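Turn these sequences into a full structure, and let the hints guide you.
Protein chains in written order, with this note's numbering: chain A, 1 to 491; chain B, 492 to 982.
Everything labelled a hint here was simulated from the structure, so no lab data went into it. For clarity, every value in this text was computed on a predicted model and none was experimentally measured. Wrong hints could be hidden among the right ones.
The list that follows gives simulated cross-link-like pairs (lysine-lysine, BS3-like), each with its CA atoms no further than 30 Å apart [what the hints assert, rightly or not]:
(1) A/Lys136 with B/Lys844
(2) A/Lys353 with B/Lys908
(3) B/Lys844 with A/Lys30
Under 10 Å between C-beta atoms, here's a sample of chain A residues computed to sit facing chain B [unchecked claim]:
(4) Ala53
(5) Gln239
(6) Leu257
(7) Leu302
(8) Glu310
(9) Ala322
(10) Asn335
C-beta: ideal position from N, C-alpha, C; glycine also.
There are 2 protein chains.
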Amino acid sequence: MADRSEAAAALKWLDAHEQESIARWIDWLKIPSISTDQAYAPQCRQAAEWAAAQLRAAGVRAELRETGDIDPATKRGSGHPIVMGFAHESDTRADAPHVLFYGHYDVQPVDPVSLWESGPFEPVVREARPGEGGGKRVVARGACDDKGQVMMFLEALRAWKEACGDATSGVRFTILLEGEEESGSANLAKFLKDNQRELQGAKVCLISDTGMLARGHPAITYGVRGLVYTEVVLHGANQDLHSGLWGGRAPNPNNLLARILAQVWDAQGSVTIPGFYDKVRPISPDERAAWSKLAFDASEALGRIGLGSEADVESGERGFTALEREWARPTCDINGITGGYTGTGAKTVIPAKASAKVSFRLVADQEPDAVREAFFAWLRERTPAGCRWELIDHSGGHPATVRTDSGYLQGAMRAIKQACGVDTALIKSGGSIPVAGMLKQMLGLDTIFMGFGLDDDRVHSPNEKFEIECFRWGARSHVLFIDELSRMIAR
Amino acid sequence: MADRSEAAAALKWLDAHEQESIARWIDWLKIPSISTDQAYAPQCRQAAEWAAAQLRAAGVRAELRETGDIDPATKRGSGHPIVMGFAHESDTRADAPHVLFYGHYDVQPVDPVSLWESGPFEPVVREARPGEGGGKRVVARGACDDKGQVMMFLEALRAWKEACGDATSGVRFTILLEGEEESGSANLAKFLKDNQRELQGAKVCLISDTGMLARGHPAITYGVRGLVYTEVVLHGANQDLHSGLWGGRAPNPNNLLARILAQVWDAQGSVTIPGFYDKVRPISPDERAAWSKLAFDASEALGRIGLGSEADVESGERGFTALEREWARPTCDINGITGGYTGTGAKTVIPAKASAKVSFRLVADQEPDAVREAFFAWLRERTPAGCRWELIDHSGGHPATVRTDSGYLQGAMRAIKQACGVDTALIKSGGSIPVAGMLKQMLGLDTIFMGFGLDDDRVHSPNEKFEIECFRWGARSHVLFIDELSRMIAR
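Structure below.
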């Protein structure tokens, strides 16, 4: 068990070495670990090796594990490697804390690259501009999601190691850093299954990939949405056609795809696919009351993305507040759509096909497989004459809602409160962290989502940023959460 | 006046030199004169110079004229140059024929380039494959539209010149080859106005940019549709958003654009924009009866583009046959649509904007400006909360329907019948040739559309082709039409 002076020393170390922490964070951000594009596979591996080296520098045993199909010649997997770290792995006491830390080192693609003010992989540290809110920030792809948030944890380990000689203050940690979170975690379920023995004893999972309630309002997230991500391609003629000669006498997949997808929502913004809402857990009166008291201003949030408050009402399902829609209601979004001529100027073409990336955010207790199959069946029922569908599953994950009364979660709340000097809110997130659903299903693990992002961090967008104060609060909170865990050993 | 032996000599020359004609045609096709992309401006100029040289080789005075804004330093225009040719230009007799020949040397873009079996600008001469129908063909971008069709005329001039010493057999021709037909003819109206004096005396316009009724069934086209081509961009937030954090509480331009454009058509395939059909000329019982007797098989046409006959019914406006829909009914098509992530794999984004290229084919007596403004007003009425439109006009043109009882048209029909040995049908086309509307409005000229394309020529699509027999029939028909015109001098 650590005494309070040790945690204080670790915090002091963090404070004194912040510039070096930021420099390391920036080093990692320079590696373009875009997982969805195989052209970046070497950079993904490089980012994994970088993270393993950081763990080792904190005295944590670390190694890269291959995923996917292994090439016998190179011994490398077809997937991106997973970084595994082990601290106090010989501690198998049933009454001792054992935390599985999950994060990911891969990042989203950067397009449209023309909208970036600086290179996505040339991190810039700058002050906030007038009207931006917040303070100094790092701008780069992955600044927040998830390298910045994982970095808070890595620096907390380093602080403990440097200040007190033990990165986890005696607590058993198994650390798993994935490289395919942004591309659908295709190899994760198999990896967890194959390595179940090593993970089996964990009592709780800790993930830093979520946001605060608002700037200055840290939070623990007790639920995330699930995801179904599909690509639907409507094929018409076997060739592109001239819209003059064929307009009005051959199917136009662009027209038809728009007409079909438009039917996914009714006039109230609800999804029309039969059975879609059947398993949705209603919002309890207690939750509704608690959420309405949170310091969340939907209009102010819209203002930060250039929208007036009038944008709120029609953007989602009628009859729910913005928070309720994000946290407790499923949605359907066209994430991408393309067909025909999209270059400069005019081309009078009827394309042979049109396609859309259509995703659904799910809430408890919706089942991803059932939603996807219902959507595909719904599309097939609407197949236009002469056309055919190509329906692709880009994977997804279960929603995860976790208990708020566990000792781990209460310890995390105390750690954040002490680290940041303000109360911690209990919130949910509209994002999806499929690993949480997997860990619950495979290992029975609840997850503590302890993240410090802000909803104007532009994750997945050009000019992604993470603010230095968020990073500082996160690193301090992780230092103190390790302290809380360490105190459980003694109890 | 030519006697019949001269025309026969010209036809004989054509026959004897066909391989050289094809070689010249291929030379021209190798020049990638894509007008919509400014990167190809030098190649457009090169294709113009190539055509001027052909005219000169036939003894026709020819020159390039600049269009658009003229750069004082280079003396070059911001638009692509227009080739002008003049034969017997000193003949200003009011009773003599004076024909304005219009064609274009620019071509459509080539994307998706991956679908081309050979390079779009590496012309291939090959036999038909089993199932393709027809005979030997040239495959390349522009093989038909419009280099191949213009080439028939250029070779007819050359045949007259070589066989009889005069490219037009005494007939006054003004020849205009445009370089911006495929990109909206932005500079043509001003050019015609500025050069009205030179064109004023023309009695009729001749254009070879249309199709036959079917393989083996040549035709004169007496009507083409008009065009309105727009680009509509729906802007939402000022940045791309994470679909987890914002799905359901910020507008998704992809969803909204699909939902709005889907309303352009009703369940019967009719366009719902108020007033859209107000000026549409009804199909007369005579036309309907004549068209129903034509050797046109809608199912067979669909079969050639890989579709069953069931694709016909739902592709356009109910209550009309396929020919009626193409020739006499207006349409709306989404020629291109794009928004959000369209790369490989998954990206959970709500894009800041989504856009579509939306065009309308118009029939007499619809007005392009009125249709475009009605569409834009219709969109503005549907502006989603928090969003704004960017509405772009990519130009267009009036529909053109011409008289079928003129001496010129009757002469052209005789020429085709003698050249091809079969009767000539009187048809319309769903395509748009905006210059015809312009010439009618500015100079009062009717146009004879004497084209030899087939509707499986894949104009505007990968693997565009033009068949040697079509080319041969076209060149012979133009030789004999010059003969018919020449005979008018004597009358």
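Hint by hint, here is what the structure shows:
1. A/Lys136 with B/Lys844: 29 Å, holds
2. A/Lys353 with B/Lys908: Measuring from Cα to Cα gives roughly 40 Å; hence the hint is violated.
3. B/Lys844 with A/Lys30: 28 Å, holds
4. Ala53: 28 Å, violated
5. Gln239: Glutamine 239 of chain A check passes; min Cβ-Cβ to chain B is 5 Å, inside 10 Å.
6. Leu257: 8 Å, holds
7. Leu302: Check passed: Cβ of leucine 302 of chain A comes within 7 Å of chain B, closer than 10 Å.
8. Glu310: Holds, because the Cβ-Cβ distance from glutamate 310 of chain A to chain B comes to roughly 5 Å (cut-off 10 Å).
9. Ala322: Hint on alanine 322 of chain A: holds, closest Cβ of chain B at ~4 Å, below 10 Å.
10. Asn335: 5 Å, holds
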